[in-house]
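Q: For chain Y, the structure is supplied; the task is to place chains U and H on it using the hints.
In the order they appear, the protein sequences are chains Y, U and H. If you count the first sequence from 1, position 1 lands on 1 in this note's numbering, and the numbers rise without skipping. If you count the second sequence from 1, position 24 lands on 24 in this note's numbering, and the numbers rise without skipping. If you count the third sequence from 1, position 286 lands on 286 in this note's numbering, and the numbers rise without skipping.
Everything labelled a hint here was simulated from the structure, so no lab data went into it. Small disclaimer: the values here were computed from a predicted structure and weren't measured. Virtual Cβ for every residue (Gly too), placed ideally from N, Cα, C. Any given hint might turn out to be false.
What the hints assert, rightly or not - Okay, the calculated beta carbon distance ranges per label pair:
(1) H:TYR8 to U:GLN129: 56 to 64 Å
(2) U:MET57 to H:TYR8: 35 to 43 Å
(3) Y:GLY259 to U:PRO145: 38 to 46 Å
(4) Y:THR113 to U:PRO93: 46 to 54 Å
(5) H:GLN6 to U:HIS48: 26 to 34 Å
(6) H:TRP113 to Y:ASP239: 45 to 53 Å
(7) Y:LYS237 to H:GLN6: 46 to 54 Å
(8) H:LEU141 to Y:ARG11: 45 to 53 Å
(9) H:GLU268 to Y:SER149: 53 to 61 Å
To be verified - Cross-link-like lysine to aspartate or glutamate pairs, in silico, EDC-like; alpha carbons within 20 Å at most:
(10) Y:LYS213 to U:ASP64
(11) Y:LYS65 to U:ASP40
(12) U:LYS33 to Y:GLU64
(13) U:LYS3 to H:ASP155
(14) Y:LYS198 to U:ASP126
(15) Y:LYS65 to U:ASP47
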Amino acid sequence: MKTEKDKNNSRREFLIASTAITGGIVLSTFLNPFKSIAEAKSADSTKDTIKLNDKNVSLAKDAEKWWGFGFDIEKCIGCGTCAKACKEENNVPKEPFFFRTWIEQYTEKNDGTLKVQSPNGGIDGQTQAVPSEDIFKSYFVPKTCNHCSKSPCVQVCPVGATFVSPDGVVLVDEKYCIGCGYCVQACPYGCRYIHPEKEIADKCTLCYHRINKGLQPTCVEVCPTGARTHGNLRDKKSDLVKFLKEHNCHVLKPHLNTGSKLFYNGLSEEVR
Amino acid sequence: MPKQLTRLIIVFLIFISLFLVVRHFLVPESFYKFGHYRADALKDNEDHQVKYIDAAMCSACHTDIDSLKVSGPHKNINCQTCHGPGYLHVEDPSKNVLIKPTERAFCGKCHSLNAARACNIIKQQDIAQHNIDNKCVECHNPHQPQP
Amino acid sequence: MGNFDQLYQALTKVDGFIYPNELELRWSVLITLYPYITGLVAGAFILASLNRVFNVKALKPTYEISLLAAFAFLCVATMPLISHLGQPQRFYEIMMTPHLTSAMAIFGFVYLWYLMAVLLLEIWFDYRVDFVIWSREKKGLLKLVYKILTLGVMDTSPKSVRTDNKLGYIITVIGIPSAFLLHGYVGFIFGSVKANPWWSSVLMPIIFLFSAMVSGIALVLFLYMIITYIRKQKLDMLCLDTIGKLLFYILILDFTLESLDQIHRIYEAGESFDIISLLMSKLFFSLTIMQVLMGTFIPLAILGFFQFHKPKEKIRKAAYFIISILVLVGIFFMRWNVVIGGQLFSKSFLGFTTYKIGLIGREGLIMSIVWIIVPFIILTFLLWFLPPWKKAHIEDK
Numbered sequence: 001m002k003t004e005k006d007k008n009n010s011r012r013e014f015l016i017a018s019t020a021i022t023g024g025i026v027l028s029t030f031l032n033p034f035k036s037i038a039e040a041k042s043a044d045s046t047k048d049t050i051k052l053n054d055k056n057v058s059l060a061k062d063a064e065k066w067w068g069f070g071f072d073i074e075k076c077i078g079c080g081t082c083a084k085a086c087k088e089e090n091n092v093p094k095e096p097f098f099f100r101t102w103i104e105q106y107t108e109k110n111d112g113t114l115k116v117q118s119p120n121g122g123i124d125g126q127t128q129a130v131p132s133e134d135i136f137k138s139y140f141v142p143k144t145c146n147h148c149s150k151s152p153c154v155q156v157c158p159v160g161a162t163f164v165s166p167d168g169v170v171l172v173d174e175k176y177c178i179g180c181g182y183c184v185q186a187c188p189y190g191c192r193y194i195h196p197e198k199e200i201a202d203k204c205t206l207c208y209h210r211i212n213k214g215l216q217p218t219c220v221e222v223c224p225t226g227a228r229t230h231g232n233l234r235d236k237k238s239d240l241v242k243f244l245k246e247h248n249c250h251v252l253k254p255h256l257n258t259g260s261k262l263f264y265n266g267l268s269e270e271v272r
Numbered sequence: 001m002p003k004q005l006t007r008l009i010i011v012f013l014i015f016i017s018l019f020l021v022v023r024h025f026l027v028p029e030s031f032y033k034f035g036h037y038r039a040d041a042l043k044d045n046e047d048h049q050v051k052y053i054d055a056a057m058c059s060a061c062h063t064d065i066d067s068l069k070v071s072g073p074h075k076n077i078n079c080q081t082c083h084g085p086g087y088l089h090v091e092d093p094s095k096n097v098l099i100k101p102t103e104r105a106f107c108g109k110c111h112s113l114n115a116a117r118a119c120n121i122i123k124q125q126d127i128a129q130h131n132i133d134n135k136c137v138e139c140h141n142p143h144q145p146q147p
Numbered sequence: 001m002g003n004f005d006q007l008y009q010a011l012t013k014v015d016g017f018i019y020p021n022e023l024e025l026r027w028s029v030l031i032t033l034y035p036y037i038t039g040l041v042a043g044a045f046i047l048a049s050l051n052r053v054f055n056v057k058a059l060k061p062t063y064e065i066s067l068l069a070a071f072a073f074l075c076v077a078t079m080p081l082i083s084h085l086g087q088p089q090r091f092y093e094i095m096m097t098p099h100l101t102s103a104m105a106i107f108g109f110v111y112l113w114y115l116m117a118v119l120l121l122e123i124w125f126d127y128r129v130d131f132v133i134w135s136r137e138k139k140g141l142l143k144l145v146y147k148i149l150t151l152g153v154m155d156t157s158p159k160s161v162r163t164d165n166k167l168g169y170i171i172t173v174i175g176i177p178s179a180f181l182l183h184g185y186v187g188f189i190f191g192s193v194k195a196n197p198w199w200s201s202v203l204m205p206i207i208f209l210f211s212a213m214v215s216g217i218a219l220v221l222f223l224y225m226i227i228t229y230i231r232k233q234k235l236d237m238l239c240l241d242t243i244g245k246l247l248f249y250i251l252i253l254d255f256t257l258e259s260l261d262q263i264h265r266i267y268e269a270g271e272s273f274d275i276i277s278l279l280m281s282k283l284f285f286s287l288t289i290m291q292v293l294m295g296t297f298i299p300l301a302i303l304g305f306f307q308f309h310k311p312k313e314k315i316r317k318a319a320y321f322i323i324s325i326l327v328l329v330g331i332f333f334m335r336w337n338v339v340i341g342g343q344l345f346s347k348s349f350l351g352f353t354t355y356k357i358g359l360i361g362r363e364g365l366i367m368s369i370v371w372i373i374v375p376f377i378i379l380t381f382l383l384w385f386l387p388p389w390k391k392a393h394i395e396d397k
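Next comes chain Y alone, as it looks inside the complex (with noise of 0.2 Å):
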């Protein structure tokens, strides 16, 4: 049996015990910011070039990478096959109202009114509902993330369960959203969804677990007439680049400034 004095003794240990580690952790909270500033001298030489060392991500040793998006709307067929495959691949719900990627169909009537359709994202084929002479101008947008460099959808993310990669593309933590939806709201473009099942936002990775194998992303890699082009805008001999070179290519939206990587060839200026 412990006497009186042992409790007391062994309450005071806690005490300070308990004081100490709490002390020790508010104390290096508040030292925390200041890390940075004593590991800065030390990581100056290699200022010009973005310091990403950890094995455990493998784009580390790739970091010159910033991928893109080029779309050519005069070679979009409107097939619908990128919708679909994207939606095998990643495993989005086959409900016709969530969508990864969707092809859009415009079709400018000779009255100046203007018919926009997208039925089932554009998996099933698209149909032409105007008849073809009441049609002044009709093409085809295929639409995704624009993997924005200033994107609208990670500034309103509370909790940073959504991000800019160090390569340039948006993507979602799953295991970190909270599903609040405010990035659904700020997407000026309509690119993110709340997953049905998961209850977490959920949007395009430019297949992010493919492009880092050194593959296409599944829209463009079945896409049958090439409309799709992906790259990494660093690269000067990249396919994305060379497409930017060749073509007069406009983004979706410029006056939102928000620093949109998917660049359009032949984007009229009906579209939205």
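A: Coordinates of chains U and H only, in the frame set by chain Y:
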């Protein structure tokens, strides 16, 4: 200093310390490494299953079709564009047979008449009129279609 | 999950073209409640502060009611937000790793600041002496609870009361900008979304702030009348008239700001104008009827009339009661029009989706009614636990 104030300051200090302690344990380890996110999430995103395999893997076995395809207008089209993802098929070809779509509507997804399709990009046919009793593939071999 | 009947039904009702992902309206009635309840808090607190800082004596009978109502609603304010999350169990991440560029993340701290540093402190300074007295009078558990709440400051001398008052005054002075911040911030959550032209407006925080004050004043008016009725006491007519006058002025300001926002939009007629003018006609019931006519015009007309001519007390009492309810409902629809209205149209500006509130489920009607009722239950408890009418009056003459 009034007693009220000292007591409140103590309560607040305890609260803030508690908050910081809790925070210390709840912030994921790789957070803040590259930015305001979990660096491990990059790895999570990388780890997904690749379902649409490299087209070179198709040609490795199906050399006959590959040599047929290479001279036709479909030469640049990935096999999986029509046949679907091949990741299970390459693991066990006998068990996992890929789809062979032969319906007219399937060909129509690309080739049906639509003002939005550029004529110089793709051959189009009014599938509601053209030879409606037969399947497209009966006359046109999809691996080497002739006009 | 896995039941998409409602969405398939919505698919048939799409008007024009929307991006496919926009069919499901992500922020539903619960997110409407969130700014609504937060607004009630800020408004009620500002009314309480007026009494204290600007020494509006006529408002004295409502002082504690406003404070306790603000506290009761603040306890619930984040609940609709949290229960709406896809992963509610992860909500703590907002406090652990707040993303500083996100309006929603900073809201967590603004909220905590307001709760801990303003409202709780103000109530504590206001009730500290009573805690001491009650801890002596009561027995058992209640005695212990009151005793803990004194934080060991057992002094009841006039000097200590004077200190309480002085510190409480400082807190109130800090509290007014904090209340402005709290609700201005909620407006910023919407006003900063550049993708949505219905939300994106610099006036949004200010509009939210003034509508918050309107709804908070109406709430206190409503509660004061109800509580006095239940306690079978006599209503202080001077107090009612003063609140009515205040409501009138702030309602005018609120209406002016909201009109300015709309007139600016209409006159500027930017690229989103066509879709927004269509939206306004789609919101005919909730905007024109409920928000503008019922929630603004009728109360303004009656209150304005009272400024020139005061009818009999009985009529005024009835009118104030009806006005308080009209305004409360009107402001709810104002939030509705912002939150739901802002998601009805496509960001392609080419069409509309639909929204139909469900009865059950996480985002249903029953859930939202629960979050409306809970603050009243908390308030009832607070009025029992901290009865303003049993407060000791140790005045320092």
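Q: Going through the earlier hints one by one, which of them does the structure break, listed in rising order?
A: 1, 8, 9, 10 and 14
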